[in-house]
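Colleague: Residue-level listing of the chains:
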Amino acid sequence: MATEEMEQLVRREYKDGFVTDIESDTLPPGLDEDTIAFISKKKGEPEWMLEWRLDAYRQWLNMKEPSWAHLDYPPIDYQAISYFSAPKRPEDGPQSLDEVDPKLLETYEKLGIPLHERAALAGVAVDAVFDSVSVTTTFKKELSEAGVIFCSISEAIRDYPELIKQYLGTVVPVADNYFAALNSAVFTDGSFVFVPEGVTCPMELSTYFRINAANTGQFERTLIICESRAQVSYLEGCTAPMRDENQLHAAVVELVALDDAYIKYSTVQNWYPGDEDGKGGIYNFVTKRGECRGARSRISWTQVETGSAITWKYPSCVLRGKDSIGEFYSVAVTNGRQQADTGTKMIHIGEGTRSYIVAKGISAGKSDQSYRGLVKIGPRAKGARNFTQCDSLLIGDKCGAHTFPYQEIGNSTATIEHEATTSKIGEDQLFYCRSRGISEEDAVSMIVNGFCKDVFQELPMEFAVEAEALLNVTLEGAVG
Amino acid sequence: MLQVTDLHVTVEDKEILKGLTLTINAGEVHAIMGPNGAGKSTLSAVIAGKDGYEVTQGSITFEGKDVLEMEIEERAQAGLLLGFQYPVEIPGVKNIYLLKSALNAQRKARGLEDMPAPEFMKLVKEKLGFMKMDASFLQRAVNEGFSGGEKKRNEILQMLVLQPKLAMLDEIDSGLDIDAMKVVADGVNSLRAEERAILLVTHYQRLLDYIVPDKVHVLVDGRIVKTGDAELAKQLEANGYEGIEESAA
Chain A
1 MATEEMEQLV
11 RREYKDGFVT
21 DIESDTLPPG
31 LDEDTIAFIS
41 KKKGEPEWML
51 EWRLDAYRQW
61 LNMKEPSWAH
71 LDYPPIDYQA
81 ISYFSAPKRP
91 EDGPQSLDEV
101 DPKLLETYEK
111 LGIPLHERAA
121 LAGVAVDAVF
131 DSVSVTTTFK
141 KELSEAGVIF
151 CSISEAIRDY
161 PELIKQYLGT
171 VVPVADNYFA
181 ALNSAVFTDG
191 SFVFVPEGVT
201 CPMELSTYFR
211 INAANTGQFE
221 RTLIICESRA
231 QVSYLEGCTA
241 PMRDENQLHA
251 AVVELVALDD
261 AYIKYSTVQN
271 WYPGDEDGKG
281 GIYNFVTKRG
291 ECRGARSRIS
301 WTQVETGSAI
311 TWKYPSCVLR
321 GKDSIGEFYS
331 VAVTNGRQQA
341 DTGTKMIHIG
351 EGTRSYIVAK
361 GISAGKSDQS
371 YRGLVKIGPR
381 AKGARNFTQC
391 DSLLIGDKCG
401 AHTFPYQEIG
411 NSTATIEHEA
421 TTSKIGEDQL
431 FYCRSRGISE
441 EDAVSMIVNG
451 FCKDVFQELP
461 MEFAVEAEAL
471 LNVTLEGAVG
Chain S
1 MLQVTDLHVT
11 VEDKEILKGL
21 TLTINAGEVH
31 AIMGPNGAGK
41 STLSAVIAGK
51 DGYEVTQGSI
61 TFEGKDVLEM
71 EIEERAQAGL
81 LLGFQYPVEI
91 PGVKNIYLLK
101 SALNAQRKAR
111 GLEDMPAPEF
121 MKLVKEKLGF
131 MKMDASFLQR
141 AVNEGFSGGE
151 KKRNEILQML
161 VLQPKLAMLD
171 EIDSGLDIDA
181 MKVVADGVNS
191 LRAEERAILL
201 VTHYQRLLDY
211 IVPDKVHVLV
221 DGRIVKTGDA
231 ELAKQLEANG
241 YEGIEESAA
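Those protein sequence lines, which keep their order, are chains A and S.
Note that UniProt numbering numbers the first sequence so that position 182 is 182, with each residue one more than the last.
Note that UniProt numbering numbers the second sequence so that position 112 is 112, with each residue one more than the last.
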């Protein structure tokens, strides 16, 4: 197929581009200690939390924005961003779905997340984050009967201060990196999950993040703790309406798994990637890290990344517990002028730790994508093993794919395997499918979904279907 | 059914077909034979619409419609189906999924509903049995890890399920042992019908012992230099292409 046709096919409009008209209680742009005090007060936080934020802010002031990633974007003016935006609502907040602003619900409907139906039908509890405030939480009762705590991080700070003090910032320290420090200072909401010893969370937990107000940064903070023998599967999904100015998103996600615990964290990210020239998309700088603190614990990251103008994201596992397991399954799709520098870090500390990485990158249009992965084996990690598989698929001839694997091996008993492939979407494959009567769009969709199959099968069932649909929309015409 | 008239085709500025004319009627089986580099595979590729072939002169019509104006998938939907000499692998895509998508895409183009799943499974299982293929084929990724013989059988399986009006088979015999050849030939012979035509492209006469053609065309240097019946293929086997070239010259 001619390259020109291919290009035409990969052009598509963002389907979730609409803006909900809700009066926002928004802070004017700018960041200083007063901003942080305002956020903390607005959230009704205790004094120690404010101090924690201010400490992060002061460290952030002395830090430099990282420049090592294979990304190109104009400097971000952190004073031009508004750090708080909350939809106005009655003093006490909605007590049930009936009390939720119908426009919010409508927004979710447009995104295909009819909360009540979906939650009831799929047995999924949804803690929906609209802009920066958690609007509604369903299935809380069922969860609490199981002893599972699932609430917004703000509620957790108020209601479970001891757990927060014990775990917050222990996986991603406040000054871990530039964006994590910024998040620690100004985070406005996010999810908190606590699964007590021996409990398997009775349902998939799901949060849909969404950036809505213009020019507001979104700083989510998520903390998930699984005590010994506890298990949870958590899904985060994101879409955002169309905007002209770039919007900054700097989230932090921390996972803690104690002995024999298992946390499965799946992400479907579909933030606005910008128009064909890359104008107006989301900047996504995320720090996600899980710590397998206990023996035989297991943390699994699965991500499907199709959105954002800029993606800077390396979900990582710190394998501290003996025989613990870290997994990373990723599909990243870039189109138009999107840029993504993403991958994972597997830090093997404990004996007999194992990690498994499967990363699939699909580049189309004029996009540029890098896989960056670190496998580090510490001196005490006897018998540690890693397997890495990195595959890139190129669509057209104006996109790029790069692989940056780093390995630091401090123990001679470790076993490391790395496989990498780069292929162009086969014109022969396309011709083969089309010569069977299958349309070009469907053929591309079929080939790309086949390419991603290893990762999709790691997603919870209902989300795997969603991910395939999303891939179809994202690479409309070129990828399905 | 198919009318190719004075077809000139260039590939990367080199003229491969130099005025080829061919008429195929419904119910007929045609074989195109010729030495390597004569343009045999180019003909079927151009009819199917493969990229990289430039038609500089001449025309191709199928049931009166201008094939060269049609998209690749439209040609297949119209009933032109190409069996590949080297079928490609499509990792992660199950064979059954490709079959189902292809069949339903063709049905849709003809204004039909998707075939109900039970009916589809019944159809596929029957054809699978005919091709002496195991049901596990359906769950394997398209052509991935298939042996040469399995790939060719799979091509014929697709033909049996999709039931084209004109089946074009490009060197379907290459790389087949004698048992596989028989199975493939049985598959092709089962396609023979009043309303259907078959075009075989082959280098060797061997295949034509099993699939007896109505007409044999000898393609040399981009032109059909001789047309005859099945006997012609046997003469070729005995005398080689050179004899034909001389007599044609």
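Hints may contain errors.
Label-pair ranges, simulated between beta-carbon atoms [claimed, not checked]:
#, chain 1, residue 1, chain 2, residue 2, range
1, A, Thr200, S, Lys122, 39 to 47 Å
2, S, Gln3, A, Glu419, 44 to 52 Å
3, A, Met461, S, Gln139, 16 to 24 Å
4, A, Tyr406, S, Glu71, 40 to 48 Å
5, A, Asp397, S, Arg107, 33 to 41 Å
6, A, Asp397, S, Gly148, 28 to 36 Å
7, A, Glu419, S, Gly129, 34 to 42 Å
8, A, Glu419, S, Gln139, 19 to 27 Å
9, A, Thr415, S, Val55, 21 to 29 Å
List time: in silico SDA-like cross-link candidates among lysine to any residue, alpha-carbon distance up to 20 Å [said to hold, decoys possible]:
#, chain 1, residue 1, chain 2, residue 2
10, S, Lys108, A, Asp454
11, A, Lys424, S, Tyr86
12, S, Lys108, S, Pro91
13, S, Lys94, A, Ala175
14, A, Lys41, A, Arg229
15, A, Lys453, S, Phe137
16, A, Lys424, S, Val88
17, S, Lys132, S, Ala185
18, A, Lys424, S, Leu138
19, A, Lys453, S, Leu138
20, S, Lys100, S, Pro116
21, S, Lys94, A, Asp454
22, S, Lys108, A, Arg229
23, A, Lys165, A, Ala175
24, A, Lys345, A, Asp442
25, S, Lys100, S, Lys151
26, A, Lys424, A, Glu458
27, S, Lys100, S, Glu113
28, A, Lys424, S, Pro91
29, A, Lys424, S, Lys108
30, A, Lys264, A, Arg229
31, A, Lys141, A, Glu197
32, S, Lys94, A, Asp442
33, S, Lys94, A, Leu374
34, A, Lys453, S, Pro116
35, A, Lys345, A, Leu374
36, S, Lys100, A, Ala414
37, A, Lys453, S, Glu113
38, A, Lys453, S, Ala141
39, S, Lys50, A, Asp428
40, S, Lys108, S, Arg140
Please keep in mind that the hints were generated in silico from the structure rather than gathered at the bench.
Where a beta carbon is used, it is the ideal one built from N, C-alpha and C, also for glycine.
Colleague: When the hints from earlier in the document are held up against this structure, which numbers fail?
Modeller: 9, 10, 12, 13, 14, 18, 22, 24, 26, 29, 33, 34, 36, 37, 40
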